[in-house]
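Trainee: Now for the letters of each chain:
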Amino acid sequence: MDAQGRTVKAGASTTPIARAKAFGRWLRSGSLGFYKVMRANPLTLVGFVLVVLISLAALLVAVVPPITTALGYPVQMTPYGPNDLLPCPVVGNRTFCAQPPSVEHWFGTDRAGRDVFSRVLAALPLDLAIGFLIAGFSLAVGGGLGLIAGFWDRPGTVGAAVSLTIMRVTDVFLAFPSLVLALAIAATLGRGTVPCILAILLTWWPYYIRLTRGEVLAVKHQPYVVAARAAGVSEWRILFRHVFRNILEPLVVYLTMDVGTVLVVFSTISYIGIGVPPDVPEWGNMISAYGDYLLIYPWMVIFPGLAVFITVVAFSLLGDGLRDILDPRSRRALAQAEASTTAAATPAAPEA
Amino acid sequence: MPEPLLVVEDLSIDYEVGAGTFHAVKEVSFRIDPGRVVGIVGETGCGKSTLAHAIPRLLPEPPARIPSGKILFRGMDILKVPKWKLPLVRGTGISMIFQEPINSLNPAFRVFDQLAEAVRIRRLRETGKSPGLAPAMEGFDYSKRKVPKPGDVLAKPVLPSVPEGRKLAPAVDRQALRGDALEYLRLVRINDPETILGLYPHELSGGMRQRIMIAMALSERPSLLIADEPTSALDITIQAQVLTLMKELIEEIRTSILFISHDLGVIAEMADDVGVMYAGHLVEFGPVAEVYTQPRHPYTKALLRANPRQYKGDGPLPSLPGSVPNLSRLPPGCTFHPRCALARPECREPPGPRLEPVSGSPGHRTACYFSEEVATLP
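Going line by line, the protein sequences match chains A and B. Position in the first sequence (from 1) plus 6 gives the number in our numbering. Position in the second sequence (from 1) plus 675 gives the number in our numbering.
Rather than coming from a laboratory, the hints here were simulated on the basis of the structure. As the structure is a computational prediction, the values presented were derived from the model and not from experiment. Backbone N, C-alpha and C fix where the C-beta goes; we use that ideal spot for every residue, glycine too. Be careful, since some hints might not be right.
Claimed, not checked - Taking CB as the label site, the calculated pair distances span:
1) ARG243(A) to PRO1020(B): 53 to 61 Å
2) GLY940(B) to ALA167(A): 29 to 37 Å
3) THR171(A) to LEU979(B): 53 to 61 Å
4) LEU65(A) to GLN916(B): 45 to 53 Å
Taking the hints into account, I'd like the entire structure generated from these sequences.
Mentor: The following block contains the structure:
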């Protein structure tokens, strides 16, 4: 199947249409595990679709208004501005600003008369960017240091001293619960979005070091690493091609799940009240601001909470599926399961 | 006398662990001439694997420590090569195949990628882009396809490689790598190499993986191939297949091989010379036929006597009384004396016997004071 796909790709396809068809065939063949895993694993597909939708929505909300404004035809991606105070209905001599969900206001309005749906949507780019920024930065820093600490740790060498230093610094950070440490740093830096991001950024990477180092230690004594060394592969190449590639799987899974955790922590810091200022739409911020009215006006809290929940679940599902894609074993198994079901349905194509 | 390919001189290797210092290899000396297949035989824990790993310096140091000795590979002392230069010696100079074919291939890559890595390394060395420390040996013309005599070494590539300095487009380069990889898979008698190239290691059987390991090692065209118990982890049928393959390959591409095994039969079949190890010491070394028929060390004699295939009599298989000494507390003098039928008081006095040539048979050396009397043992 593989060889067939490759010959089709490199072979006689000259017209653009034929080439596109060949590409489609190659895409559906066993070479691309992603496609097969997605089809064989409905939950992963759900996670993947959700992540794509969420990311797309975030991109639109973040990018469209400034561009259209610059072009002179402002287009809002949210039905109302996140801080627009809508006219409140008056009954007798009382005003009712907090409206339950309706056709006009899908998620209802809050006590100041702001549209909750607009605020939830407006918060999306900020929350997602924070999740990716913090988790990605932690992976880069923690993963890099963890690789170094795990790979060069032979006692009595410079590498061992470096490794020891890295691990002891990590221990210092891990001695405090990261949330408490982040809160302390955020409180010191003062209120605001940027200090809050910085606070989490500073406390998040030690977990990645621990994870990476542990995985490296397990993989670097595998016979294939020794075999690669015996074949004359340089140490750096061994580190990246043989060690890093084989620990990628737990790292990526951890990263995708961590995006959700970061969101929760960020929301928690906002909830306590030392994070984002109240006028900035942010999910944790909204939950904290409206938390007191949970029993009277539940929609103000439930919908931002649901947004956090769905985002976290989407990334977790995707992370779970990514593990299958990154592991050649399960990828091939899934691909074959898929192939056998499709082969039963359609007559096999003649071999090229 | 040709220039020796590998000379090991008084090599000692210790393991420093919490419980003390273990003398895994003690004052071992031997040499491998170009084109010879040298077998090292011994029981579990006698230091043969440690020796095999020490030659390309694959031992983790620490805990391993090499207090004394020399490993001269084509005149260059490998123990003096700085660590960062070691990758230049390995692969194209000294290549290795291992005991566990199950885990010796990277599970994340297809067979093609693994073979291509080896071929690419060799090509970089050949074109001088990454200079190897061991220059290619004198060519041997294999186009005539006659069985070379021992002493002639494979250096003429099995396949023509890329002309020097020519730069290839990535796709063409990939095609060339593919061609090379296919050729080496055919060399190790793999049917349908096209399909195998696209498979992952977990989709192959143990014997198949070992063949691919052999293909990888050979694709670098090493001057010396170290085979560390290449068949021990395989079941008996596959073992026979792999051994037959290796034997054919030895005839075809007469590269020097250091063959480590605990199986006397395997060594007899594969090797030209054999070294017998006991408790870290090389106790006897010589041509296989001679060592097997006229052992000059009591341990060799006892080892041969305990071979179940040779035993025709009734009753229990003869065995050697006692057990292997603790490597951290070796007995003084000859390490074998506590179990030896010929032991006399002088055997207990340090230093023990050293490998001495046996009178009357060139190339045969033994470390026993009473080698003349070994023949009288049962």
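Trainee: All the hints need checking, so say for each whether the structure fits it.
Mentor: Going through the hints against the structure:
1. ARG243(A) to PRO1020(B): 53 to 61 Å: 57 Å, holds
2. GLY940(B) to ALA167(A): 29 to 37 Å: Violated: the Cβ-Cβ distance is about 50 Å, outside 29 to 37 Å.
3. THR171(A) to LEU979(B): 53 to 61 Å: 56 Å, holds
4. LEU65(A) to GLN916(B): 45 to 53 Å: Cβ of LEU65(A) to Cβ of GLN916(B): about 58 Å, so the range 45 to 53 Å is violated.
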